[in-house]
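For this one, chain D is given, so just place chain H on it according to the hints.
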Amino acid sequence: MSIRREDVRYVADLARLELSAAEEEALVAELGAILGYVEKLAELDTEGVPATAHVHDVGTPLRDDVIGNAPNVEALLDNAPERWEGFFRVPKIIE
Amino acid sequence: MTFEPVIGLEVHAQLLTRSKLFCACSAAFGAAPNAHTCPVCMAFPGVLPVVNRQAVEFAIRAGLAAGCRIAPVSQWARKNYFYPDLPKAYQISMYEAPICVGGRVSFTVGGEHRAVRLTRIHLEEDAGKSIHDAHADSSLVDLNRAGVPLLEIVSEPELGSPAEAAAYLKSLRSIVQYLEICDGNMEEGSFRCDANISVRPAGGDRLGTRAEVKNMNSFRAVERALEHEIARQIAVVSGGGQVVQETRLWDAEREVTRPMRSKEFAHDYRYFPEPDLPPLVVDEAWVERVRAGLPELPSARRVRFVRDLGLPDYDAEVLTARRDVADYFEAAAGGQPNAKAIGNWVMESVLRIVRERRLDDPPRIRDWPVAPEALADLVALIDRGTISGKIAKTVFDEMVASGRPPREIVESRGLVQLTDAAAIAAAVDRVIAAHGDKVAEYRSGKEKLFGFFVGQVMKATEGKANPKQVNDLLRERLRG
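First to last, the protein sequences are chains D and H. Going letter by letter, the first sequence gives residues 1 to 95 in my numbering. Going letter by letter, the second sequence gives residues 1 to 480 in my numbering.
Bound-form chain D, shown alone:
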């Protein structure tokens, strides 16, 4: 399966990446190679094998509905580039 330049641009757009022409070119080749590698799996006969989303055959561990986190706003907000009072402050989302 080959990947087209439009596909690379589309995925880059979804990922909010700005690519130069040279990077696009390189990614066409690299993503194509990755897809080709995964495509190898299509050679397997999976007739009768249920779709598998996870390799471990165990269910999700569940936790009881108990509040266990002490508030620690200061430490958590400390990494934010910008804040205002207890909020994160980010570039305006809606103009």
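Please note: incorrect hints may appear among the correct ones.
Unchecked claim - Label pairs and their in silico Cβ distance ranges:
#1 H:E187 / D:I67: 22 to 30 Å
#2 D:A15 / H:G203: 42 to 50 Å
#3 H:A202 / D:A15: 39 to 47 Å
#4 D:K92 / H:G240: 35 to 43 Å
#5 H:Q242 / D:I67: 49 to 57 Å
#6 H:R258 / D:S2: 38 to 46 Å
#7 D:A80 / H:Y271: 23 to 31 Å
#8 H:P259 / D:A80: 26 to 34 Å
#9 D:I67 / H:T209: 42 to 50 Å
#10 H:L207 / D:N72: 43 to 51 Å
#11 H:A134 / D:A12: 27 to 35 Å
#12 D:N72 / H:A202: 58 to 66 Å
#13 D:L44 / H:V303: 50 to 58 Å
Said to hold, decoys possible - Here are the simulated lysine to aspartate or glutamate pairs, EDC-like style, with alpha carbons at most 20 Å apart:
#14 H:K88 / D:D78
#15 D:K92 / H:D85
#16 H:K393 / H:E348
#17 H:K88 / D:E82
#18 H:K170 / H:D327
#19 H:K88 / D:D13
#20 H:K170 / H:E152
#21 H:K390 / H:D420
#22 H:K129 / D:E85
#23 H:K129 / D:E74
Read the hints as simulated data drawn from the structure, not as lab findings. Every residue, glycine too, gets a C-beta built ideally from N, C-alpha and C.
For chain H alone, kept in the frame of chain D given last:
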């Protein structure tokens, strides 16, 4: 050409768990900004989600109530998009393998019983909250809500009118409230609804292109928004145009839907199975335990009220919409001969006081203005002819004000109904004698004056005369 709308609803019900879906932060509403956050719901590197058992149980509860198939194995999925209030840049949801499949929800519209099929019910986490209007050049983000568990309930596109959509929504809200899994508050956003709408030539079997409408935060808004959107789409199609598949926001103030800026959301979420969470396994024994604990649901209760208590369908519908109201009514009406009258008192007087005094603390009524037994006693006093219906209203107000039992109020204030024929006749005669001019007018055809005479007699007897006796006697004497 006539058109018909096709509507499907997606409802997001915030679950009443104590903690969030994937971490032990409080899920409570109304805390200081970012007070209910931790490295998990803020998506710090290296953290892992752990599923809240109670949220899963609530989903099973909803699924069983709607007759869904509960999947023995379901799968979490990542829904990817960028938004500042979504710290991971993906939402953990369910996609290909939801926890509840199929099912149906019944509702009543225009006195008719209908049902809509469900596609699925699944669990997912809520996003945080953005505040856009505090600063001109920046937005603020509060992640308290990020990770709070939501149930997404998706109906099949088979609702045929805005009224049906609203009726389904009311029924669904009533169910989640009965199940005590969601408070159902649309204004505060704990019960939210998005609609998919298309129009097609009446009787057609192919669906038209649909638009999605968001931002409707009351039942009325849902109806109005759908009506508007249907009219808009019919106008587009009739004018030879084509409906564009897009997301539109309802503007309640201007009463229009307008397209949401398409840049805000890329409609390619690149779902894939969540690698951080193994499949969710729900065994048969768990499902059966939940089933055994299900309460009687509103539809079953309505049927029972009609069958066992002789209520009209409409009354039963109103009285069962909320579990606390139904419980109150049942406590008052149980074992009483006159359930219908008690129902009327609950609907007209009790709920009026609840509204006026704001005794309502959604999702339940905090304080009832009178005890259900006291209300039953009051209705019994009317039924036995001890007091008139009119006097009963005075007694009721006094019960609300003082908390005293109705019999005590009636006795201490001498409100026992006057049924002594001679005493009523004396009052009637006095009134007729005192208003000779009006009597003449009445007899010359001004029959509207009858009410005046009734009022005068009631006034003369301090409202205590038996109204039927007064009417009969007045009619007889006025005939002349």
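Against the structure, the hints come out as follows:
The hinted range of 22 to 30 Å is satisfied by E187 of chain H and I67 of chain D, whose Cβ atoms lie roughly 26 Å apart. For the pair A15 of chain D and G203 of chain H, the supplied restraint of 42 to 50 Å holds, since their beta-carbon distance comes to about 46 Å. In this structure, A202 of chain H and A15 of chain D meet the distance hint of 39 to 47 Å, their C-beta atoms being roughly 45 Å apart. Under the hint 35 to 43 Å, the C-beta atoms of K92 of chain D and G240 of chain H, about 39 Å apart, fit the expected range.
At roughly 51 Å, the beta-carbon separation of Q242 of chain H and I67 of chain D lies within the given 49 to 57 Å, and the hint holds. Taking the beta carbon of each, R258 of chain H and S2 of chain D are about 41 Å apart, inside 38 to 46 Å as hinted. For the pair A80 of chain D and Y271 of chain H, the supplied restraint of 23 to 31 Å holds, since their beta-carbon distance comes to about 29 Å. A C-beta distance of roughly 33 Å is found between P259 of chain H and A80 of chain D, which places it inside the suggested range of 26 to 34 Å.
Separated by about 46 Å at the C-beta atoms, I67 of chain D and T209 of chain H satisfy the suggested range of 42 to 50 Å. One distance hint, 43 to 51 Å for the beta-carbon pair L207 of chain H and N72 of chain D, holds here, with the actual separation near 50 Å. At about 33 Å, the CB distance of A134 of chain H to A12 of chain D agrees with the hint of 27 to 35 Å. At about 60 Å, the beta-carbon gap between N72 of chain D and A202 of chain H stays in the expected band of 58 to 66 Å.
About 55 Å separates the C-beta atoms of L44 of chain D and V303 of chain H, a value consistent with the hinted range of 50 to 58 Å. This hinted pair checks out: K88 of chain H and D78 of chain D have alpha carbons roughly 18 Å apart, not beyond 20 Å. For a cut-off of 20 Å, the pair hint linking K92 of chain D to D85 of chain H stands: about 12 Å separates their Cα positions. For the given pair, K393 of chain H sits about 11 Å from E348 of chain H by alpha-carbon distance, which is consistent with the 20 Å threshold.
For a cut-off of 20 Å, the pair hint linking K88 of chain H to E82 of chain D stands: about 18 Å separates their Cα positions. With a C-alpha separation of about 19 Å, the suggested pairing of K170 of chain H with D327 of chain H holds against the 20 Å cut-off. Between K88 of chain H and D13 of chain D, the direct Cα distance comes to roughly 18 Å. Compliance with the 20 Å bound is thereby established for this hinted pair. This hinted pair checks out: K170 of chain H and E152 of chain H have alpha carbons roughly 16 Å apart, not beyond 20 Å.
With a C-alpha separation of about 18 Å, the suggested pairing of K390 of chain H with D420 of chain H holds against the 20 Å cut-off. For the suggested pair K129 of chain H and E85 of chain D, the alpha carbons sit about 15 Å apart, so the restraint of at most 20 Å is met. A threshold of 20 Å between alpha carbons decides the hint, and for K129 of chain H with E74 of chain D the separation of about 19 Å falls inside it, so the pair holds.
Hint compliance for this structure: no hint is broken.
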